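Asker: In case you want the letters, here they are:
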Amino acid sequence: MTKIPAISLRRLSKSFGDLDVLGVMDLDVGRGEFVSILGPSGCGKSTLLSILSGIEEATTGEITIHGAPLNQSGQPFAWMPQNDALLPWRTVVDNVGLGYQVAGRLSKRAARDQARLLLPAFGLEEFSRALPYQLSGGMRQRVALARTIAQGRDMLLLDEPFGALDAITRTELQLWLEQIWGVDRPTVILITHDVREAVLLSDRIYVFSDRPAQIVAEFEVPLDRPRTIEMLAGAQATQLELDLLRALHVGSGDTP
Amino acid sequence: MTIAEGGFRQPLNRVVAPLLMIGVFVGAWEIYARNSSIGDTVLPPFSRVAQAGWADRQSLVANTLPTLREVLVGFVISVIFAFLISILLDVSPRANRAVMPLLIGSQTIPLVVLAPLFVIWFGFGFFPKILLVTLVTFFPIVVGLIDGYASSERDSVTLLRTMGAGTLTVFGLVRLPSAMPGFFTGLRIGITYAVVAAIFAEYAGAVNGLGVYIQGASGSFRTDLVLAGVLVAATLTLVLYALTVLVQRLAIPWYTQSREVSQ
Ligand SMILES: Nc1ncnc2c1ncn2[C@@H]1O[C@H](COP(=O)(O)OP(=O)(O)O)[C@@H](O)[C@H]1O
Ligand SMILES: [Mg+2]
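In order, the protein sequences belong to chains D and P.
The opening residue of the first sequence carries number 1 in the numbering used here; numbering runs sequentially from there.
The opening residue of the second sequence carries number 1001 in the numbering used here; numbering runs sequentially from there.
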């Protein structure tokens, strides 16, 4: 790669005490690139995002953001945790506003005004005053995603955002994310264990092995943007899905 | 489910069922006291108690007000202290380890011992009463708050940290609101002890109050008035309890309503 990558990991590894979670790995993400990480559960995918967002420290290796060390880069990431982490006492608009309020240092009221502008694009306008317990799973994920966008960072870390949804809602939200992403094309790292989701949304896909996670394969996704559901039925997509599944099996030590 | 219908479903059942139970209790008391050989000095029927209480209402009210005042002032102080101590214990694990045994220890001293001691130390006035009310109601509120802070979602706290929030912001936006359900549980437990504690304190030595009233009636073998005083105390506790429930509904609708939906 000739350009300086937006995110660059060099010889990164992570252990919790005796537990080696991430093996030594190199990984790059270009500016405006949508990269997915596919791997079996428990292999350390969330841990990688924790390190990037500054919650955990890497055991070895270095991380650079646009060429500068991570710890001198402020907070370039907006993180969306695996569980949606909505605050049950905040209405939809105020949960979204949390991004503006905390990351953007606005007053609660100013944050709410900003958040209100964001709601239509997320299909949340009519639910603005609802509380989280009144929302469906798909709606909750939309709120969590809007809150992530509201943080106003260059880069998004999305941890299995659709993992807990039923298949129909999931596809709907994937297509909708594709559309949202197409507007500003932020740099994204998406964690998933859903092969089709990775194919549908990504420019590039890394496949992780079982713990300690290693990169077992890396694929470019040869599909045009904007992506459609029909593309998944094409020969290129089906071949890629097959390759990904094989790589996952190799990574988990099973024989297909 | 909309926000509007979430709150007060089936209000009839909520009020009617407990009233029915009270009615059954009072009815059974009345029938038993009238038909058994027990004399009126041991167990007068409810109607006698009500009559006697009504006839003596001036004195009853005059003695209820000071008790209510002790309860309210003691309880407010208790809540303030509970917040301060719980925040201290929350931010400092060391303080938690050091202070918690002391708090638990303070709860093991029987009221029967404490109340007369307070009279010896602080006299017959207002102060020893509110002190006892505070001491007794403070513990469940502190425990409710501490448990409440600990119930904060880890991911929510972490999320705020990744957004650049400091300890104070995390506390205000996540930990404190998370603690509200626990706080109100502590409040409800605390308020049921408050009236008893005040009466105990008055029993040990006071110029007026429900405790003094009951003690006086008991000394002159007016069991009907003793029971009238007890009924007033019980009603007072019920009303205060209902008030805390009401405040909880208004203060944390997100909690109360979401629980009603999931039931
Ligand atoms: N803070 C931590 N301390 C100790 N072990 C951890 C911690 N966080 C994660 N782990 C362990 O690291 C492993 C990988 O976890 P995680 O990154 O959440 O996996 P994934 O997201 O791929 O499912 C798991 O075995 C988990 O128990
Ligand atoms: Mg995970």
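Hints were generated in silico from the structure; no laboratory data involved.
Keep in mind it's a predicted model, so treat the numbers as computed, not measured.
Even for Gly, the Cβ is constructed at its ideal location relative to N, Cα and C.
Heads up, some of the hints might be wrong.
To be verified - Restraint-style ranges between C-beta atoms, simulated for each label pair:
no., chain 1, residue 1, chain 2, residue 2, range
1, P, Pro1101, D, Trp176, 53 to 61 angstroms
2, P, Thr1167, D, Pro120, 48 to 56 angstroms
3, D, Gly152, P, Val1073, 44 to 52 angstroms
4, D, Gly67, P, Leu1084, 47 to 55 angstroms
5, D, Ser252, P, Gly1166, 38 to 46 angstroms
Asker: State the violated hints by number, sorted upward, taking the hints as numbered earlier in the document.
Answerer: 2
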